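Student: In order, the protein sequences belong to chains V, R, G and E. Sequential numbering of the first sequence, starting at 1, is according to this note's numbering. Sequential numbering of the second sequence, starting at 1, is according to this note's numbering. Sequential numbering of the third sequence, starting at 1, is according to this note's numbering. Sequential numbering of the fourth sequence, starting at 1, is according to this note's numbering.
Keep in mind the hints are simulated off the structure, nothing from the lab.
Chain G side only, calculated, beta carbon under 8 Å to chain R, not exhaustive:
(1) 77
(2) 78
(3) 102
(4) 133
(5) 134
(6) 229
(7) 230
(8) 231
(9) 233
(10) 234
(11) 238
This one's a predicted model, so the numbers in the text were calculated from it and none came from an experiment. Note that the Cβ used here is the ideal one computed from N, Cα and C, for glycine as well.
Below are the chains, spelled out letter by letter.
Number of protein chains: 4
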Amino acid sequence: MTQIEFRSDNAAGVAPEILTAIGDANTGTAIAYGADDLTASLEWLIREVFEHPTARVFPVTSGTAANALSLAALCPPWGSVLCHDSAHILQSECGATSMFGGGAVMRGVRGNDFRIQPDTFRAALEAVRWGDPHHSQPAVLSLTQPTDMGTIYSLDEISTLTAIAGERGLRVHLDGARMANAIAALGCSAADVTWRAGVDVVSLGATKNGALSTEAIVTFDDAAADELVYRTKRSGHVTSKMRYQSAQLHAYLTDDLWLRLATNSNRQMTRLAAGLADLGVEFVNRPDVNMLFARMSDDVATELEAAGLLFYRMPGSIRLVTSWQTSDADIDAALDRFRTVCEDAA
Amino acid sequence: MTQIEFRSDNAAGVAPEILTAIGDANTGTAIAYGADDLTASLEWLIREVFEHPTARVFPVTSGTAANALSLAALCPPWGSVLCHDSAHILQSECGATSMFGGGAVMRGVRGNDFRIQPDTFRAALEAVRWGDPHHSQPAVLSLTQPTDMGTIYSLDEISTLTAIAGERGLRVHLDGARMANAIAALGCSAADVTWRAGVDVVSLGATKNGALSTEAIVTFDDAAADELVYRTKRSGHVTSKMRYQSAQLHAYLTDDLWLRLATNSNRQMTRLAAGLADLGVEFVNRPDVNMLFARMSDDVATELEAAGLLFYRMPGSIRLVTSWQTSDADIDAALDRFRTVCEDAA
Amino acid sequence: MTQIEFRSDNAAGVAPEILTAIGDANTGTAIAYGADDLTASLEWLIREVFEHPTARVFPVTSGTAANALSLAALCPPWGSVLCHDSAHILQSECGATSMFGGGAVMRGVRGNDFRIQPDTFRAALEAVRWGDPHHSQPAVLSLTQPTDMGTIYSLDEISTLTAIAGERGLRVHLDGARMANAIAALGCSAADVTWRAGVDVVSLGATKNGALSTEAIVTFDDAAADELVYRTKRSGHVTSKMRYQSAQLHAYLTDDLWLRLATNSNRQMTRLAAGLADLGVEFVNRPDVNMLFARMSDDVATELEAAGLLFYRMPGSIRLVTSWQTSDADIDAALDRFRTVCEDAA
Amino acid sequence: MTQIEFRSDNAAGVAPEILTAIGDANTGTAIAYGADDLTASLEWLIREVFEHPTARVFPVTSGTAANALSLAALCPPWGSVLCHDSAHILQSECGATSMFGGGAVMRGVRGNDFRIQPDTFRAALEAVRWGDPHHSQPAVLSLTQPTDMGTIYSLDEISTLTAIAGERGLRVHLDGARMANAIAALGCSAADVTWRAGVDVVSLGATKNGALSTEAIVTFDDAAADELVYRTKRSGHVTSKMRYQSAQLHAYLTDDLWLRLATNSNRQMTRLAAGLADLGVEFVNRPDVNMLFARMSDDVATELEAAGLLFYRMPGSIRLVTSWQTSDADIDAALDRFRTVCEDAA
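Same shape as in the complex, but just chain V (with noise of 0.2 Å):
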């Protein structure tokens, strides 16, 4: 029985568009860390992408990297960063951006839904003795989209937020390992969901959707750029053929490949979400994008398993998530064996 893939988009394969970028990419030599061509126009890309005149892009090759180096150069070491108490830069970077940035710290923010909402945003801030030295100072408020846990900000959340932060003179980072899945939802701009919202460094992911080992941070900021230029490469993320990583991008964000990429991922967690509720499956969270936390017993997680399909297991609930390379007929059979699974267990 073939097993099906729903572990996470980490586990997705290249996507035959990046590489044959790749391929294509490997004639003649060029110049290394980064003052290739490709490289270069990727720049203008960018711009176009994001509609944005100034804004400046550092191919990196991870996400933890991508949110790290953002941070540190938002945050002075005597900072905090908040996030949401589910960030995967509070749960899962292993202190990277303490590391990278000096010693600044990260302080969850509790919300509905894993997602800071105004209220609480507002109520950390408060909670702050602003100025006093035995304190780290709030300086960045970094948001994912979509969240670890699948869900999204509307846009008009987004610019809630970005604005109360203003108000404290705080930068705003948005971590968007998965950011082509919430355009793709939101059906926004890139632009819309950055920039024009209040975002000031952008955590652009590519690899869950379809790349390889290629991230980049996109900076609306340039004195963050500035910082980064240094930053990147006094971390080893400045790759000395750099051109096989811009080619990538180029590649992604040529002819909406990567909304298309993640459309698909979208489409399917809806179709697999649908078939799950109608055999009364319960939800942890509302699946937005391509990531589906659902209720499950011990014993049928493991029948499931048994059945072939690859997740993640927590305490009571299963995690699934999709991929540009989901097909529907990995839909069909997967909710194939849950009916099975399910009515066994009923």
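Go by the hints and put chains R, G and E onto chain V.
Tutor: Using the frame of chain V, we list chains R, G and E on its own:
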């Protein structure tokens, strides 16, 4: 007129065997962050290639990452890393080791031919006030093999230096950004030039020799390896799709591909150097591998550039580097152009 | 009307015995940086007071230094320090531990009475993905004794928590900024509340209890001590005229001066609390030592200030702290003023 | 036979005026962490003494803290601090600047008389690849005045160096661990040797010249000062009982006490040097202030030690330092002993 590339082996492309390996790895899905089968079997391949039963391997995406993370794992924050005055880690990594190492410092040691010598190394160690906390305590010897100026250490020279290091409790790192070139030139084994000669941790270069943003840290020291599990992750150097890097390293180390590629670049440099010597050009270094620093007046250098030769310029000299991709025809054509320019200049 | 000081024991002066000791040390010359005789003999005194044959001592100049350097010596950069949500190291040191610890992070643990409890501690440990490098790995338990809210752990409670820590390999730090007050309240020995209960390193406070910018790190763990030799120096916490700090610590620990001073502050708080309870004032905490958080309306607090009482205000409560310097007359006068204001308010 | 102290001015005691000031400050209570009146008025005193309307002051407890925190506030993590090869910050602070500076590096510059010279400084700056992120970018010039070898820069020399620094955008730090000695020797004002000569931040030493573990950072640059508010706190260098340090600095800077103390140590050195010159002793340095490095065979040095003279030994030379406490009688007696030993040796 076609340009001929001698700026850097970093400017070369990806070797066809390695590009094929990336494509071959792109089937199905696989668990992320190095928990995949290709990465697991890479460790066994490394143990075979290095003839060491407990060697461990950490694929990373840049040489700076390999060096700085290795050194941070070997050196306490109050320690110092001794390296040659000309070493890349001291001159060209923007303080990466000090950052990752919590403020560890690098101390340059003098030596002819861009190599540390037993007497200069001993003198550096004797000048230390051991145990005095006012002074950073030497904790690591880092050797660059081949050096940044294209010279190599003999196996005896390495063993002598690592023995001196051992007397003082220093551990030993080898920056092998071009290690394949050194092995090809020495005609030794990977074990001979590393752990058998007293090396604890190696930055194993692959990118300059045909890989795509892939290097590896190889450890013969479990304490360092245990730290690297965390140090690589929190610095953003554990890529989620690591299997594509592991696939490259498999191809690179299989059937001696790495040595065959390096043998070509060394051989083309030997041909180039012989031709230039015939033209009466003087050399700054002894071109042991694939790098040559040749004395050249500024005027002649400008004419060589006009003749379509690509190289780096320094005051009074130029740097020429061959790669796995340099062909016999490249060298023949280059020597023709050198001959024309030099004869004009004479 | 004289003001009566309840803002902080930090606001108190230097105890006469300690000022005398400084003057007495000011004879002749002595070698700098702690190589003097007074500092050497301090180590023996510490071993006697703590009944531990290999304890070591590092005089420093602030509690933040004592805490952050101790924790950096106990916690690897990828580790985390677990402490109570209200702990000074988490709330009031501006990320010092993260800075000195190379990006180590602090995680708050909940617990009644401002103390970590066995069940909340166990739950925090069980939620960890051990060995997964995405997650900072808990490496240290830091207990504040007494807590920042004036409560204390019993000896059994400490032993229970350190035993749980030990099961997971965590080492234990005790923030003893007011440790003398805890010992005086518990009627135990310095050994009982530290190494006999499973503590590895102590921040031994003296400044709040009558010393002049002098605290000490006391270690029962040689690995931590060996690191502290360098960590204290490179952070600027090895004063050149250390003998004047050592002289203070001699006086502080001789003839139980530290306990006599703390006994006074505890006793005055007991008197104050009893008086306030008689007036019907409600307490936020159980005033185990010399700190009381009392519920007080904003209006009443303002009147108390007008009556010459000095204290810190929080929304709906005030903080009152007694010190070695607080006299019977201070408490009598303070209670008179409380009575007047409270009766007016009633 | 009484021993005569020439090891270090750090070995001297606390000046009586300063000890008195500590005692005088010990009345009543005062709010902690530098919010007290003595600390507030210290800022005004500093502005008067340095004739600078916006100078700010941060009392700290060691010279290493003053230097490393100042430099971290002036230098970005990817920057470098240029200083003389012999500078304390490079040789004797165990990488403190690299730690506090997030991996900033220090680069030694050569120069006769242990001083940076305009040509060696220019050469160091010209060798930099500006704007290339492979290279730490020079951001600060740190001058030691007087140098660690007892020589001083003239006011013109400082101005020349700071002007060169300014051309490249470097800011300027002055390590004034013995600044009073330099001012006394130059007969200039505190303003002349600092901001009027182009200095932005000063480590103002006091401990070696009669204070008790008290130094100060003085800034003429508000951006650095704003950072130091947080940097001093999170490194544990904001003592809670700061008023006792501020009281010392008041006494130190009032009625020229600092200059009177330094004048004595300089004068005693002049007498000692003259006497030694008469005996035919050769000097390694020009004893501009209170430090002399004198050539001395190992045998003679041993005999001098046997004669009760306390000093530091280096191969072939000894270091002699006078202090505020050195008396005419000390020098007379010392010269007698030198004469006896040297005549015996002749």
